[in-house]
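J.: Sequence:
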Amino acid sequence: MPDSRVTRGPGRHSYATRSRLMKPVKTPGGKLVSQKIIKKAKGPMCSNCKTSLPGIKHLKSSSYRNLKKRERTVSRAYGGSTCAGCVRQKIVRAFLLEEQKAVKKLLAERSNKK
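Each residue of the sequence shown is one higher than the one before, starting from 1057 at the first, in our numbering.
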């Protein structure tokens, strides 16, 4: 249970809203002060299956600016936007379509020969 001896701190109002969550923290001097809890970001999602992308930090969109490029993306095709499973599916689908076209062409040539 949070300690009631600590106040919400400076600001417009004292309401415990979603963006104004506080946590009581004891300082080395023994004083209780309130520390602001920052909201957790959902993180980047896959464009196809809408799952969370592994390997990329879950930050607010404005704070990605300060990260290095290797922390923002994954070194693969469609790195920061699509998950590995969806990319693999896309590649396999494209390969199978090309194979199907080649088989159709081969069958058409055989029927023309007869």
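Worth double-checking, as some hints may not be accurate.
Stated by the list, open to error - The list that follows gives simulated cross-link-like pairs (lysine-lysine, DSSO-like), each with its CA atoms no further than 27 Å apart:
{"no.": "1", "residue 1": "LYS1146", "residue 2": "LYS1106"}
{"no.": "2", "residue 1": "LYS1157", "residue 2": "LYS1125"}
{"no.": "3", "residue 1": "LYS1169", "residue 2": "LYS1157"}
{"no.": "4", "residue 1": "LYS1079", "residue 2": "LYS1106"}
{"no.": "5", "residue 1": "LYS1169", "residue 2": "LYS1146"}
{"no.": "6", "residue 1": "LYS1146", "residue 2": "LYS1098"}
{"no.": "7", "residue 1": "LYS1106", "residue 2": "LYS1082"}
{"no.": "8", "residue 1": "LYS1079", "residue 2": "LYS1113"}
{"no.": "9", "residue 1": "LYS1079", "residue 2": "LYS1098"}
{"no.": "10", "residue 1": "LYS1079", "residue 2": "LYS1095"}
{"no.": "11", "residue 1": "LYS1157", "residue 2": "LYS1170"}
{"no.": "12", "residue 1": "LYS1098", "residue 2": "LYS1125"}
{"no.": "13", "residue 1": "LYS1087", "residue 2": "LYS1116"}
{"no.": "14", "residue 1": "LYS1106", "residue 2": "LYS1096"}
{"no.": "15", "residue 1": "LYS1096", "residue 2": "LYS1124"}
{"no.": "16", "residue 1": "LYS1098", "residue 2": "LYS1113"}
{"no.": "17", "residue 1": "LYS1096", "residue 2": "LYS1082"}
{"no.": "18", "residue 1": "LYS1106", "residue 2": "LYS1095"}
{"no.": "19", "residue 1": "LYS1161", "residue 2": "LYS1146"}
{"no.": "20", "residue 1": "LYS1079", "residue 2": "LYS1096"}
{"no.": "21", "residue 1": "LYS1082", "residue 2": "LYS1095"}
{"no.": "22", "residue 1": "LYS1170", "residue 2": "LYS1160"}
{"no.": "23", "residue 1": "LYS1106", "residue 2": "LYS1092"}
{"no.": "24", "residue 1": "LYS1125", "residue 2": "LYS1113"}
{"no.": "25", "residue 1": "LYS1124", "residue 2": "LYS1098"}
{"no.": "26", "residue 1": "LYS1087", "residue 2": "LYS1098"}
{"no.": "27", "residue 1": "LYS1113", "residue 2": "LYS1087"}
Read the hints as simulated data drawn from the structure, not as lab findings. This one's a predicted model, so the numbers in the text were calculated from it and none came from an experiment.
J.: Hint by hint, note whether the structure agrees.
T.: How the hints compare with the structure:
At most 27 Å may separate the alpha-carbon atoms for a hinted pair to count; LYS1146 and LYS1106 meet this at roughly 15 Å. Of the supplied pair hints, the one linking LYS1157 and LYS1125 is violated, its CA atoms being roughly 39 Å apart against a limit of 27 Å. For the hint linking LYS1169 to LYS1157, the alpha-carbon distance of about 19 Å falls within 27 Å, and the restraint holds. For the hint linking LYS1079 to LYS1106, the alpha-carbon distance of about 32 Å lies beyond 27 Å, and the restraint is violated.
Pair hint LYS1169 plus LYS1146 does not hold up; C-alpha atoms about 35 Å apart against a cutoff of 27 Å. Proposed proximity of LYS1146 and LYS1098 is supported: the alpha carbons are some 25 Å apart, at most 27 Å. In summary, the hint linking LYS1106 to LYS1082 is not supported, as the alpha carbons are separated by about 40 Å, beyond the 27 Å threshold. As the CA atoms of LYS1079 and LYS1113 are separated by approximately 24 Å, the hinted pair is consistent with the 27 Å bound.
A threshold of 27 Å between alpha carbons decides the hint, and for LYS1079 with LYS1098 the separation of about 21 Å falls inside it, so the pair holds. Between LYS1079 and LYS1095, the direct Cα distance comes to roughly 13 Å. Compliance with the 27 Å bound is thereby established for this hinted pair. For the proposed pair LYS1157 and LYS1170, the alpha carbon gap of about 21 Å is at most 27 Å, so the pair holds. For the proposed pair LYS1098 and LYS1125, the alpha carbon gap of about 19 Å is at most 27 Å, so the pair holds.
With a CA separation close to 32 Å, the supplied pair LYS1087 and LYS1116 exceeds the 27 Å bound. Taking the CA atoms of LYS1106 and LYS1096, the gap is about 18 Å. The hint holds against a cut of 27 Å. Distance check on the hinted pair: LYS1096 and LYS1124 sit about 20 Å apart at the alpha-carbon level, within 27 Å; holds. A distance of roughly 10 Å separates the Cα atoms of LYS1098 and LYS1113; the hinted pair therefore holds under the 27 Å criterion.
A distance of roughly 23 Å separates the Cα atoms of LYS1096 and LYS1082; the hinted pair therefore holds under the 27 Å criterion. Between LYS1106 and LYS1095 the alpha-carbon distance is near 21 Å, which keeps this suggested pair within the 27 Å criterion. A distance of roughly 23 Å separates the Cα atoms of LYS1161 and LYS1146; the hinted pair therefore holds under the 27 Å criterion. Annotation: proposed proximity of LYS1079 to LYS1096 holds, straight-line Cα distance about 15 Å (limit 27 Å).
Our distance criterion of 27 Å between C-alpha atoms is met by LYS1082 and LYS1095, whose separation comes to about 21 Å. Distance check on the hinted pair: LYS1170 and LYS1160 sit about 16 Å apart at the alpha-carbon level, within 27 Å; holds. Simply put, LYS1106 and LYS1092 have alpha-carbon atoms about 30 Å apart, too far for the 27 Å limit, and the pair is violated. A hinted pair counts as satisfied when its Cα atoms are at most 27 Å apart, and LYS1125 with LYS1113 qualifies at roughly 12 Å.
Taking the CA atoms of LYS1124 and LYS1098, the gap is about 20 Å. The hint holds against a cut of 27 Å. Of the supplied pair hints, the one linking LYS1087 and LYS1098 is violated, its CA atoms being roughly 34 Å apart against a limit of 27 Å. For the hint pairing LYS1113 with LYS1087, the CA-to-CA distance comes to about 34 Å; that exceeds 27 Å, so the pair is violated.
Violated hints, listed in ascending order, are 2, 4, 5, 7, 13, 23, 26, 27; each of the other numbered hints is respected by the structure.
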